[in-house]
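Novice: Chains as they are written, first to last, in my numbering: chain A, 9 to 190; chain B, 9 to 99.
Hints were generated in silico from the structure; no laboratory data involved. Note that the structure is predicted; figures quoted are calculated from it, not measured. A hint or two may mislead.
Just so you have them, the derived chain B footprint on chain A, three or more residues with Cβ under 8 Å [stated by the list, open to error]:
1. 42–54
2. 70–79
3. 106–120
4. 155–168
5. 172–182
Virtual Cβ for every residue (Gly too), placed ideally from N, Cα, C.
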Amino acid sequence: MGDEVLTALLESAGDVLAEYYIYIKFIHVLFAAIWAWSTAVGYSNYLVPLFRDWQRNPGDMDKARLRNWAMERFDDGAVLEHIAFPMLILTGALLMLAGGWTPDSGWFAMKLVLVVLLFLPIELIDIYLAHMSGNKKWLRETGQPEAYEHTLHLHWWFLVISTPIVAISITFTFYLAIVKPF
Amino acid sequence: MPFDLFPPLGDIKPRAFVAPEKTVNRVALSLGAYIALVLYPAYGLLRLYWTGETTAFDFSGISTAAITSILFTVFARRTMMRYFTVGATAD
Chain A
9 MGDEVLTALL ESAGDVLAEY YIYIKFIHVL FAAIWAWSTA VGYSNYLVPL FRDWQRNPGD
69 MDKARLRNWA MERFDDGAVL EHIAFPMLIL TGALLMLAGG WTPDSGWFAM KLVLVVLLFL
129 PIELIDIYLA HMSGNKKWLR ETGQPEAYEH TLHLHWWFLV ISTPIVAISI TFTFYLAIVK
189 PF
Chain B
9 MPFDLFPPLG DIKPRAFVAP EKTVNRVALS LGAYIALVLY PAYGLLRLYW TGETTAFDFS
69 GISTAAITSI LFTVFARRTM MRYFTVGATA D
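Okay, chain A solo, but in the shape it has when bound:
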């Protein structure tokens, strides 16, 4: 009985949303672009070069300050990405209802797996490191120098490990969504 009510509710929601499918898709694609690329320039052209420059001479305090500045700015810069991600999840769910997409379609099943088992954990870690207890400005201003240095190293590990993951998986997700190959 409960399942039937839920199915009927979802079908009704789908019928109502179907009329707005293309508009929801527009918002979804817009946030997908923000999520995927909003940090790319800052990461590649500021954070990475400054961090690597500091790595060559870790005892150079000026370079360490530059490194800290880049990382603190990057924490702030990730705000757009972390607003876009929940919006993507929300509009993705709406598109699923409006378009009647289910794991019957292979591309959709693959996309669901990537979202739940890859992007969601990555984003949760990223949000923690950039905006919650791992926020470097907050650690500095609350007088936690050891935690600052530790978290900064942890964040660098996270960013470097996630670089090959996101480079491939985000491109692949766009391919799945647009080409719908299987």
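Assemble chain B onto chain A, guided by the hints.
Specialist: Just chain B now, with coordinates in the frame of chain A:
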């Protein structure tokens, strides 16, 4: 550095960043294994649950997952080493 934009170091004591090659290799292997042992099986099981199809687990599907996993391991290792290894000159 007489520029107020940059945050003061205060009591922060920068220590050298260490990324042993052995650890990078393990991370790359783990990422590859995650594709082969978690992501692809999850896809196959979702398809099996939803449609009753087992095609994800046929030879072609499993070979594709295995090849993807190996290629990704190599790519991930190369990429991470590129970021962690620093030369003598600035980028």
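Novice: Indicate, hint by hint, whether the structure satisfies it.
Specialist: Against the structure, the hints:
With 0 residues carrying a beta carbon less than 8 Å from a beta carbon of chain B, the segment 42–54 of chain A misses the three-residue requirement, and the given coverage is violated. With a threshold of 8 Å between beta carbons, the proposed coverage of the segment 70–79 of chain A by chain B holds, since 7 of its residues qualify and at least three are required. Counting residues of the segment 106–120 of chain A whose C-beta sits closer than 8 Å to any C-beta of chain B gives 7, which meets the bar of three, so the coverage hint holds. Only when three residues or more bring their CB closer than 8 Å to a CB of chain B does the claim for the segment 155–168 of chain A stand; here the count is 6, and the claim holds.
For the segment 172–182 of chain A, the stated coverage by chain B holds: 4 residues have a C-beta nearer than 8 Å to a C-beta of that chain, and at least 3 were required.
When held up to the earlier numbered hints, the structure conflicts with hint 1 and nothing else.
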